[in-house]
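Participant: Chains A and B are the protein sequences, given in the same order. The working numbering applies: residue 316 is where the first sequence begins, and numbers increase by one. The working numbering applies: residue 22 is where the second sequence begins, and numbers increase by one.
None of the hints are false.
In silico EDC-like cross-links for lysine to aspartate or glutamate, where the CA-CA straight-line distance does not exceed 16 Å: (1) A:Lys681 to A:Asp625; (2) A:Lys424 to B:Asp475; (3) B:Lys267 to A:Asp1324; (4) A:Lys424 to B:Glu496; (5) B:Lys262 to A:Glu1332; (6) A:Lys930 to A:Glu799; (7) A:Lys870 to A:Glu849.
Per the computed footprint, the stretches of chain B lying under chain A, defined by three or more beta-carbons under 8 Å from a beta-carbon of chain A, are: (8) 125 to 135; (9) 262 to 269.
Here are the simulated distance ranges between beta carbons: (10) A:Asn472 to B:Gly251: 54 to 62 Å; (11) B:Lys372 to A:Asp1321: 51 to 59 Å; (12) A:Lys409 to B:Asp165: 51 to 59 Å; (13) B:Gly331 to A:Gln1004: 45 to 53 Å; (14) A:Ser874 to B:Gly331: 52 to 60 Å.
Treat the hints as calculated values from the structure; they're not laboratory data. No residue lacks a Cβ here, since even glycine has one placed at the ideal position from N, Cα and C.
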Amino acid sequence: MTISLRLFAVYLGLLCLFRSASSAAARKGAKDQVDFNRDIRPIFSENCYACHGPDKGKRKAGLRFDIKEEALKKLESGDFAIVPGKSAQSKLVKLITTKDEDDHMPPAKSGKHLTSEQINLLKRWIDQGAKWQDHWSYIPPERPELPAVKNKKWPHNEIDHFILARLEKEGLKPSPEADKTTLLRRASFDLTGLPPTVAEVDAFLADKDPNSYEKVVDRLLASPQYGERMAQVWLDLARYADTSGYHFDSPRYMWLWREWVIKAFNHNMPFDQFTIEQLAGDMLPNATRDQRIASGFHRNVMTNDEGGADPDEYLAKYMVDRVSTTAIVWLGTTMGCAECHDHKYDRISQKEFYKFYAFFHNVPEKGLDGTRTENPLPRMQVPTPAQETRMRQITNTALPAAEQLVKTREAEINIAQEKWEKEIATKTNSLAEPAGLLAKFTFDDTLAFTTAAGTNVAKFSSTNPPPYGTGKIGRSFKFDGKGEFLDAGQAVALEATNAFSFGAWAKFDPKGGAILSKMEDGPGFRGFDLLVEEGKLAVHLINTWPDNGLKVQTKDAFSKDFWHHIMVVYDGSKKAAGLKIYVDGKSAPLETKTDKLSANIITNTVPLILGKRYKSLPLTGRIDDVRFYSRALAEKEITVLAQEPDLTVARLVADKRTEAQKTELKHFFRENYAADLSKAEQELAALKQKRDALNKEIPNTMVMEEMPKPRDTFILVRGNFQNKGEKVAAGVPSFLPPLPEGAPTNRLGLAEWLVSTNHPLTSRVTVNRFWQTFFGTGIVKTMNDFGSQGEWPSHPELLDWLATEFMARHWDMKSIIKTIVMSSTYRQSSTATPQGLERDRYNRLLARGPRSRLDAEFIRDTALAVSGLLNPKIGGLSVRPYQPPGIWDGTDAKFEQSHGEDLYRRGIYVYWKRSAHYPSFATFDAPNREICTAQRPRSSTPLQSLVLMNDPVYVEAARSMAARILREGGSDLKQQLTYAFRLALARSPSEQELAILERTYKEQLDNYDQDAKAADELLKVGESPLPPNAKKPLLAAWTGVANVLLNLNETNTK
Amino acid sequence: MNLFDDLNKISSRRAFLARSTTGLGAVALASLLNENLFGASSSPALQSNGALKTLHFAPKAKRVIYMFMSGAPSHIDLFDHKPKLKDLTNSELPASVRMGQRITGMTSGQKQLLVVGSPFEFKKHGKCQAEISELLPHTGAIVDDIAIIRSMFTEPINHDPAVTFLGTGNQQPGRPTMGAWITYGLGNLNRNLPGFVVLLSGSGGQPVQTRYYGNGFLPGDFQGVPFRNGADPILYVSNPKGLSMKARRQLLDRVQELNRIALGKLGDPEIATHIENYEMAYRMQTSVPELMDISKEPKEVLEMYGAEPGKASYANNCLLARRLAERDVRFIQLIHRDWDHHSNLPVEIRKQAKICDQPSAALLKDLKQRGLLEDTLVIWGGEFGRTTYSQGEIKKDSFGRDHHPRCFSIWMAGGGIKGGMTFGKTDDFGYNIVEDPVHVHDFHATMLHCLGVDHTKLTYRFEGRDYRLTDVAGEVVKPLLA
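Put together the whole structure using the sequences plus the hints.
Facilitator: As structure tokens, this is what we get:
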């Protein structure tokens, strides 16, 4: 609602603008009039601003040429640099023309030099009155009148008036309209990034309606591929990537944001809304999930996690990047220079830089992201509808029910326990001590132990006092895992041929160690032990390890939170089957690890040791009531041993129990008498696990958020994060309009400001970018510099017409793009004549249509499309197509290639690893997206030829295209060759071209007929299946033909 | 018509097209291109086929071999002998030395910064009597040909920004690296190979990002091209199995025939470039495998380097660097990982020194005996130094050293550099520079000077600003010049 109201306001504002007199038309009239912005400012900027410009730190003689009043004022010397109307009296002119090397400006050592033409311009400008203008791009665009043209028939829409007027002025003529096939191909690439299909070409050629082209444009704009094509440009600007960038370059997951961008373009979201949601979607009232996803734009910034790096330093870098990126994308301005000092060319002071920085400085994020596996905070979960339903079911229904059940059971059981305690209190011990005791340790503040022969004392390995503590029965002994132990001498002598039992109460850490042992050191390890291994219990009986011994281990691990009663019972059989481990009175399920004992295990060379093996495995935990018996105890007896201490506690009056005893008793009762509760608890735990697993499965995406208490922002002196200067508040640069009335001074206000009606830059910068997308070069060539160092627009009035029109159409992107591609200018043939090239090599005047190499992604998309492999799925996770081994070797990540359909998705979905870019894209100038890219370079290199010749993506595409030709191209060779040609190039081949293709086919068929094995090898490239019953030499020959077609300049050029 | 930026485009094309205009003769546009390509240059010695039409002064070096030791070798244990540290071991680093300067998060939490002397012996070598650690005996043997700089310093304190700074003159990613600047400015001398080649070795240690040899905002032609071990030394240089060289030639001939028809019809000079690129790609298909095959090198040469054909190693890369230099590749960048010795330094540095010492010295000797050292600038070193204090406990045989940007040692040799000297001095702790500091910008300025380039004049306009490798600073270090 707010947006539509505001849009209405924009519209009203523009109506007012249109009524005001246009000075643009007046400007262009006077031919000899020097234009300050066009002619003079670039001279000042390039040659003078370094010492006489905005940077006060570097300013000489107190003179600056970027502000009128300052340039015209009286100098300290009494002279005037500029005397309007009188160049001869102007000191400026004297100094740029003097022969005196010491005085000459610009000074020789600056390396700057004025041409005589520039000197003349300066003189003429002063003589004409030294008329000053604000920098053109900082004045809001005014609606220009359409220039008159002689050739009234040529213009299709307003754009053409501006282009044609300039061409006529230069004495040039536009080119004729491109033929229909070329036009369709151009529009298809420009609006979808894909070539037209043969059927689309045929339909267009057959459509004789004068509006047939418009129908095509409408179809393309409405196709879902339009969003992908437009997103490709936006992803470069937003520095979208799948990894964090700095140092470890950890993975991140921002594909939901990418999907949002594609959808926004496809739904034709107005550019103002597109802007606001991406910069501040999180701050909109009742922000929707999509708006919060959109706010991830500035979370695409690179982040770091290098050990030892300073978080404050990197946090500052993230802010600097956000300022620079915002300035390039919306303001077409490089603000980065002002990080360390006042801007040298544009009126952005260092203070203003940090005021802008303050807008972004309130995100609750960390300077070192602290995660190498997932998205750093803040982030938002984005479940699918199915996941949402599942999650709702768990959290709203299942979990509360399970929790309630546990509570109910617990209450019941507490009552039952009370009842049980009363019953127990009346009963006494049920069984006498089992017979056959060999030794017993109590640790009741003593190391004395009883044996059949009498009392003995164990030796503690340390000189410290023995660490007794609370026990299961009385006191216990504590081992801290550092290797201290108790030596009980030859207290027992157990032999494999005899039955015996031993055990203890123990409370142990799962990391393990030996509870007790009488075992020699390796190799051999003769003897026995009782071990904790990752929470499980294990027993060895060994003659000589590993060939003669047995080992069993419990299948379950036991909680470290409770005391456990352990009793090992052995029947003298030398078999694992003859050994049982009772835990808490019950026979524990065992796993036999080794069962090869056939000889004696007795040893008297080592003592019985508690808390360790002879030289290894120190225990972390407590032990109590260690016992050895000379027979196999019966289960009943063990149950008594295991239950008695708890029963003893149960018999105590409740308030005499210690907290630990209460807990143990509760545990004991639940384990033994309350199966219902533990079942309910298990169900609850399982549900929680399910919830956690689902949480992990639900994708999340990084979003912006505001901190409750914003961070303070300071000017960082010379950009150094450790050197804080003046404290500043958020604000916009003073050379631009102030924040709109009523707008908050925060990110949301900033976003609204960018798309406010009187902003001079946003609309110009945006339409200029569209122009670049379709014509290869912007009207202002320097996409990211509309400042004084930027290039003068090739068609200033056209730029302003488009900018005002864009706003008048409520920032409707599809509509303004349609106007561009419907223009006669766009529809011209791109054929270049030598004269045309000589006159206007880079086609800035547009006397011919645009022609340029496709971008990296679209080259691959094209190969996939013409081969029939392309998977048209939109959105989702990034994919990893084939790449040679070793590309990621320099990084810490392991490349895992995708398979199946994912191999054939469009380039926009290819995994973008900043530190090791997908190689064939890098070769075709796709940026690694470390920073904002407004303009890709477009190089042409032999390495690109190698990619198209040999990259498996293209070899497989050729093979698949070959199969397609055989499948769809008819039976006659000429027909097939023509079809192949049209798949790649849309147009039909000439006789000469057809002959070359035919020769290709015959040569290759000859090769593969002679060498069937080679055909076999060639056709193995790529994971897609071969057609059934393929004639391999034939298919290989056609693969050759397809390879030729995929390598043509024309195939990869729009 | 290609719609991209004029000069860059043309110069980049020219970089690859140098001396290969044969096929273009028929193209009507050749003269148009040429007019813009070849500025009238005063003397042949000053001619360049890069963006700089004329060099600023007569070059001493035509090409550069940079042995980059990633992770940062300890200057104190290799080049900068500090005998007093032995007695000071286990004592706190004096505040007067530390001067409150920044240290990394890895040691800033340590209760003490205890100095630890080098456990290695240093010996004087050669006529110049340069002191070198026992870990580098082979380097000791070449001291009379190299200039050791003990007073290098940099600004960043962590690897990623420091490698980026050393590479580009700026800590933040986005700018072109040395190799990209130099091939952009000077062009390519070889018609069959890229002008900027990268050879990687070692494993573990700090990650190596492609931007460490990237082109930044320069066109893609100037990015470093990694030459890899194995079947595909340059990506996709090998035909797929089942496609013979004969078939490839046939296919290419047909591609070219069709491209020529398009050129005649559309008149776009881009198509001419495309045609030339395919010819060069084809030449690479034979020249690159030949270049990478070191098996035919004489036994004594292989032994000198410690190289073994078919194996991936730093030694092999050093030998390949010589072969690339012979073929006039402009910038040859070796990157060897695993010099980041935060702990267990005495053992780890010995390992790396053993891997790197002999091949590095062999490369220098080999270049010299072939007369290539005269016009090849050779550089060896890391991104910063290491601390005089230990990271972690000092044990009898073990300690670590943290990152130290305030001083470090590198060596330079060959074209334009005075051999047999040591330059610069650090304090008794190897902590601060006391004489002749050389900033990374100064080092870059000096490197460019040896190549005949005034560092302030090799610029590229981007985002409204003329950028250069040395940012807004840098002085040529004249005493290093021959």
